[in-house]
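Novice: Residue numbers (this note's numbering), protein chains in the order written: chain X, 1 to 94; chain Z, 1001 to 1131.
A few of these clues could be false.
Stated by the list, open to error - Here are the simulated DSS-like cross-link-like pairs (lysine-lysine), alpha carbons at most 25 Å apart as the crow flies: (1) Z:Lys1105 - X:Lys26; (2) Z:Lys1118 - X:Lys80; (3) X:Lys91 - X:Lys80; (4) Z:Lys1051 - X:Lys26; (5) Z:Lys1051 - X:Lys80; (6) Z:Lys1105 - Z:Lys1118; (7) X:Lys80 - Z:Lys1105.
To be verified - Okay, the calculated beta carbon distance ranges per label pair: (8) X:Pro28 - Z:Leu1117: 17 to 23 Å; (9) Z:Phe1122 - X:Tyr81: 32 to 38 Å; (10) X:Lys4 - Z:Leu1121: 47 to 53 Å; (11) Z:Ile1075 - X:Ile66: 18 to 24 Å; (12) X:Thr29 - Z:Asp1124: 20 to 26 Å; (13) X:Lys4 - Z:Phe1087: 27 to 33 Å.
Simulated from the structure, these hints should not be mistaken for lab results. We treat Cβ as the ideally placed atom computed from N, Cα and C, and that holds for glycine.
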Amino acid sequence: MIEKILFTALALFAISILIALYRIIKGPTTPDRAVALDMIGVNLISIIAIVSIVLKTKAFLEAILILGILAFISTIAISKYVERGVIIERKSDN
Amino acid sequence: MWRGELSLNGNQIIELVAALLILLGSIMSVISAFGIIRLPDVYTRSHAGTKSSTLAVLLSLLGAFVYFWIHDGIISVRILLGIFFVFLTAPVSGHLITRAAYRSKVPLADTSTEDALKEVLFPDEKIKANS
Chain X
1 MIEKILFTAL
11 ALFAISILIA
21 LYRIIKGPTT
31 PDRAVALDMI
41 GVNLISIIAI
51 VSIVLKTKAF
61 LEAILILGIL
71 AFISTIAISK
81 YVERGVIIER
91 KSDN
Chain Z
1001 MWRGELSLNG
1011 NQIIELVAAL
1021 LILLGSIMSV
1031 ISAFGIIRLP
1041 DVYTRSHAGT
1051 KSSTLAVLLS
1061 LLGAFVYFWI
1071 HDGIISVRIL
1081 LGIFFVFLTA
1091 PVSGHLITRA
1101 AYRSKVPLAD
1111 TSTEDALKEV
1121 LFPDEKIKAN
1131 S
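Could you put together the complete structure from these sequences and hints?
Specialist: Have a look at this one:
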C-alpha cells in the first residue's frame, strides 16, 4: 500500500520534471530557463527523499542538502549574469 | 485484545499518513508544473515555479521525516536542515531571478495592464517615448 503510494508520487515528480524540461528547451528568455532549472532542482530533492524511503536507507540524505545548496547558488549566479553580464566582479585598477 | 484482519496498528497509520503527505506534495508539484507551462510570462511563471514547488518539497520532506521518525525511530536532522534550507532559499532565488529579468528588460505579457515600476527604473524611455 505504502509502496504503491510512493511509486505513484515518484511518477508524478518525474512528470513534473519532464514538463519543466520542456520549458527549458522551449523557453523564450534566459530567466524562464533559470526558473525551470530551479524547479527541477527542488523536485530532485523530493525524489531523493522518496527514493531513500523506498530503498530503506539513510545514505542519500546528505545529497538533499548538497542539491539544495547547489540549486540556490547556481540560480544566484545565473541571475547575476543576466542582470550585469558578469558573474564575478573584479576590482578595476582605479 | 480485538484486532480485525485488516486493521492497522498506530505506527502503520502514521506511516500511511506520511505516505499521503508525500503524495499530496507530488500532486502540488504537478500543479506547479502545469503553471510553469501554461502561464504567459516569466514573472507569472516564476510565481508558479517558486511558491508551489516550495510547498511541494516541504510536504514531501515532511512526509519523509515523519516516516523515518516512526519507522526507524530516528529524528533525522539532515531532513530538518533540508526543509529549513529550501524554505529559506527558494523565495530568495525566485525574487533574484525575477529582479534580474525585469532589469534586463524581459517584456511583460500582452495581457498586462499596468507597469508601475517602469517609470521608476527607466525614466529615460518614457521621455523618449513622449518626445
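Novice: Compare the distance between the alpha carbons of Z:Lys1105 and Z:Lys1118 with 25 Å, and conclude whether the hinted pair is satisfied.
Specialist: Roughly 10 Å separates the two Cα atoms, so the pair holds.
Novice: So does X:Thr29 sit 20 to 26 Å from Z:Asp1124, Cβ to Cβ?
Specialist: Cβ of X:Thr29 to Cβ of Z:Asp1124: about 23 Å, so the range 20 to 26 Å holds.
Novice: So if I understand the rule, the pair passes when the alpha-carbon distance is 25 Å or less; does Z:Lys1118 with X:Lys80 pass?
Specialist: Holds, at roughly 20 Å.
Novice: Does the beta carbon distance between Z:Phe1122 and X:Tyr81 stay inside 32 to 38 Å, or does it fall outside?
Specialist: For X:Tyr81 against Z:Phe1122, whose Cβ atoms are near 21 Å apart, the range 32 to 38 Å is violated.
Novice: Just to be sure I understand the hint, the distance between the Cβ atoms of X:Lys4 and Z:Phe1087 should be within 27 to 33 Å; is that true here?
Specialist: holds (29 Å)
Novice: Do the Cβ positions of X:Pro28 and Z:Leu1117 conform to the proposed distance bound of 17 to 23 Å?
Specialist: holds (21 Å)
Novice: Is the hinted range of 47 to 53 Å satisfied by the C-beta distance from X:Lys4 to Z:Leu1121?
Specialist: Between X:Lys4 and Z:Leu1121, where Cβ atoms are some 52 Å apart, the hint holds.
Novice: Hinted pair, alpha-carbon criterion (25 Å max): X:Lys80, Z:Lys1105. Please report holds or violated.
Specialist: holds (14 Å)
Novice: Within a Cα-Cα threshold of 25 Å, do Z:Lys1051 and X:Lys26 meet the stated pairing?
Specialist: holds (22 Å)
Novice: With the threshold set at 25 Å, check whether the alpha-carbon distance from X:Lys91 to X:Lys80 stays at or below it.
Specialist: holds (16 Å)
Novice: Is the straight-line distance between the alpha-carbon of Z:Lys1105 and that of X:Lys26 25 Å or less?
Specialist: holds (19 Å)
Novice: Just tell me: holds or violated, for the beta carbon distance of Z:Ile1075 and X:Ile66 against 18 to 24 Å?
Specialist: At roughly 21 Å between Cβ atoms, X:Ile66 and Z:Ile1075 fall inside 18 to 24 Å, so the hint holds.
Of the numbered hints given earlier, the model fails hint 9 alone.
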